[in-house]
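Chemist: Produce the entire structure from the sequences given, and follow the hints as far as they go.
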Amino acid sequence: MDIPAQWAMRYLEDLLPPSSIEFLQSYILHPDSPFQSIRRTLTASLAGLYPIVALFVERITTAFFNSPDIVVIGSILVLLLLAIQILNWTRRVVISLTRLVFNLIFYAAVVAVVAWMYQRGLEASVRDAFVYGGRVYGYAVGIKDVFLREYERYVEEERRNTMRTGGAGGRGAAGARAGYTGWR
5 MDIPAQWAMR YLEDLLPPSS IEFLQSYILH PDSPFQSIRR TLTASLAGLY PIVALFVERI
65 TTAFFNSPDI VVIGSILVLL LLAIQILNWT RRVVISLTRL VFNLIFYAAV VAVVAWMYQR
125 GLEASVRDAF VYGGRVYGYA VGIKDVFLRE YERYVEEERR NTMRTGGAGG RGAAGARAGY
185 TGWR
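So the sequence shown is numbered by this note's numbering: it starts at 5 and just counts up by one.
Treat the hints with caution; some may be incorrect.
Here are the computed lysine to aspartate or glutamate pairs in the DMTMM-like style, where the Cα-Cα straight-line distance is at most 25 Å [stated by the list, open to error]:
#	residue 1	residue 2
1	K148	E160
2	K148	E162
3	K148	E127
Simulated from the structure, these hints should not be mistaken for laboratory data.
Modeler: See below:
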């Protein structure tokens, strides 16, 4: 076992139960374990790439030292990327929490309806549902009537303003003289 693995195991002994420590030592850190054989194979195969990667890194660092503007632009792009990632994570959290809240509200409403039906009985619950449905329908009709009345008043006001300003629609000098108080 190499030195970093010994240090990691020393810190993990305080955090993990003994059965997990035994598992790590038997199946992960043991020299004959599949994990160690895969690690050895990958290390041996990547050792041939080291000269190529070192040459590439050397050329990039030379280019950075010769042109500091690239470093500034690169760091700005990295900061922009980090900001976008943080905002994306925040968006995901907000969306998931909103979905959770709406699901909880929906299921709470379902449980409340079932409890209401259980407590009142089926016949009384259906009668109450029709009574409350009628009230909601009455309120919706009232809101529709108010909306249509206000819409017709608005159309009439626009028609009067158009006739008063001579078809200018309230724009220009004629609309200003007539006291037009429309959207600005």
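Chemist: Hint by hint, work out which the structure violates, then give me just those numbers in ascending order.
Modeler: Result: hint 3 breaks, nothing else.
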